[in-house]
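Given these sequences and hints, build the entire structure.
Protein chains in written order, with the numbering used here: chain P, 1 to 52; chain S, 1 to 260.
Heads up, a few of these hints could be off.
Here chain S is said to cover these stretches of chain P; the calculated rule only asks that three of the stretch's residues, wherever they fall, bring their Cβ under 8 Å from a Cβ of chain S [stated by the list, open to error]:
| no. | stretch |
| --- | --- |
| 1 | 4 to 14 |
| 2 | 17 to 24 |
| 3 | 32 to 39 |
Label pairs and their in silico Cβ distance ranges [what the hints assert, rightly or not]:
| no. | chain 1 | residue 1 | chain 2 | residue 2 | range |
| --- | --- | --- | --- | --- | --- |
| 4 | S | F174 | P | A15 | 16 to 24 Å |
| 5 | S | D177 | P | L27 | 16 to 24 Å |
| 6 | S | S192 | P | A23 | 36 to 44 Å |
| 7 | S | P22 | P | A31 | 16 to 24 Å |
| 8 | P | R30 | S | S199 | 36 to 44 Å |
| 9 | S | T11 | P | A31 | 18 to 26 Å |
| 10 | P | G20 | S | P22 | 38 to 46 Å |
The hints are simulated quantities; they were obtained by calculation from the structure and are not laboratory data. Bear in mind the structure is a predicted one, so any value in this text is a computation, not a measurement. Positions of the beta carbon are idealized from the N, C-alpha and C atoms, including for glycine.
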Amino acid sequence: MTHLGYILAAYLATAAVLIGMVAWVTLDLRAQKERLRRLEAEGTRRRSEVSR
Amino acid sequence: MPSVASLANPTRFLALSALVLPWTAGAAVVLFAAGLYLALFASPADYQQGDSVRIMYVHVPSVTLAMGCYTLMAVSALGTLVWRHPLADVAARAAAPLGAAFTFLGLVTGAIWGKPMWGAWWVWDARLTSFLVLLVMYLGLIALWRAFDDPARAGRVAAVLILVGFINIPIIKFSVDWWNTLHQPASILRLSGPTIHPSMLWPLLLMMAAFAMLFASLWLAAMRAEIFRRRVRTAELVAAQPAAVRGSALAGAGIGGAGA
Numbered sequence: 001m002t003h004l005g006y007i008l009a010a011y012l013a014t015a016a017v018l019i020g021m022v023a024w025v026t027l028d029l030r031a032q033k034e035r036l037r038r039l040e041a042e043g044t045r046r047r048s049e050v051s052r
Numbered sequence: 001m002p003s004v005a006s007l008a009n010p011t012r013f014l015a016l017s018a019l020v021l022p023w024t025a026g027a028a029v030v031l032f033a034a035g036l037y038l039a040l041f042a043s044p045a046d047y048q049q050g051d052s053v054r055i056m057y058v059h060v061p062s063v064t065l066a067m068g069c070y071t072l073m074a075v076s077a078l079g080t081l082v083w084r085h086p087l088a089d090v091a092a093r094a095a096a097p098l099g100a101a102f103t104f105l106g107l108v109t110g111a112i113w114g115k116p117m118w119g120a121w122w123v124w125d126a127r128l129t130s131f132l133v134l135l136v137m138y139l140g141l142i143a144l145w146r147a148f149d150d151p152a153r154a155g156r157v158a159a160v161l162i163l164v165g166f167i168n169i170p171i172i173k174f175s176v177d178w179w180n181t182l183h184q185p186a187s188i189l190r191l192s193g194p195t196i197h198p199s200m201l202w203p204l205l206l207m208m209a210a211f212a213m214l215f216a217s218l219w220l221a222a223m224r225a226e227i228f229r230r231r232v233r234t235a236e237l238v239a240a241q242p243a244a245v246r247g248s249a250l251a252g253a254g255i256g257g258a259g260a
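Quick look at the structure:
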């Protein structure tokens, strides 16, 4: 295979960025869900829920 | 029958996206497995570029998504400014970091391909420069959203900037036709049809579909995270409100007490 080093570099860079994005979005989603769950457990409600 | 606006209600979006996300993520995994096999092993080397043509299978989907993501943000910006839809700004804000990442990836894979083919990692030609401007715009928008405490106000300002910046998308697309560039002209999206041989076109289309499915999954998940973030912010504001009122009352009493 010609230019093997360049091809490997391109695919490794792609894998790093895509895996990084998946990890970042997954961790952020989990963190926000956890923050909201904790607030609700403490009895804090959003205005729309308070007015019900 | 429910209207489109009612379907785009944040609570309904959370329910719908929870159903759709596993399917888009699963489709991305299957498409990547098939696409990578074809791109790396089953497709032929190019008669001029040799095997470095395989870089195209990750470069082209990245740049297509980078521009497509900005176009989706421009549509969302219209939703924010014209219809003031609550999900429109959430959609634009969630897409921006993903668009920035795909733009960065497009620049990096393009540079890695450019070195063996052009003899240079980078040239200041119209296509590359306008694409670099796209990355700067994404980063500027992310910084703008973070600069405001109020997400609704940030969303309106960002929406104006997104629409102004949209002028760069046709500039990127047609830069290879309007100016004399080192970058090759369009070979897929052409009025006369693609100029790539089917043995290379199909792996490329499969990889583009894989990238698109991954983007859809990440966008849905990022939108869900943004909705939860805003709910946390609202809940914290509600929780802080009585304390602030108490605080100001106490401060007033303190001043009065000192004077007495």
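Here is what the structure says about each hint:
{"no.": "1", "hint": "4 to 14", "result": "holds (count 8)"}
{"no.": "2", "hint": "17 to 24", "result": "holds (count 6)"}
{"no.": "3", "hint": "32 to 39", "result": "holds (count 5)"}
{"no.": "4", "hint": "S/F174 <-> P/A15: 16 to 24 Å", "result": "32 Å, violated"}
{"no.": "5", "hint": "S/D177 <-> P/L27: 16 to 24 Å", "result": "42 Å, violated"}
{"no.": "6", "hint": "S/S192 <-> P/A23: 36 to 44 Å", "result": "42 Å, holds"}
{"no.": "7", "hint": "S/P22 <-> P/A31: 16 to 24 Å", "result": "20 Å, holds"}
{"no.": "8", "hint": "P/R30 <-> S/S199: 36 to 44 Å", "result": "42 Å, holds"}
{"no.": "9", "hint": "S/T11 <-> P/A31: 18 to 26 Å", "result": "20 Å, holds"}
{"no.": "10", "hint": "P/G20 <-> S/P22: 38 to 46 Å", "result": "21 Å, violated"}
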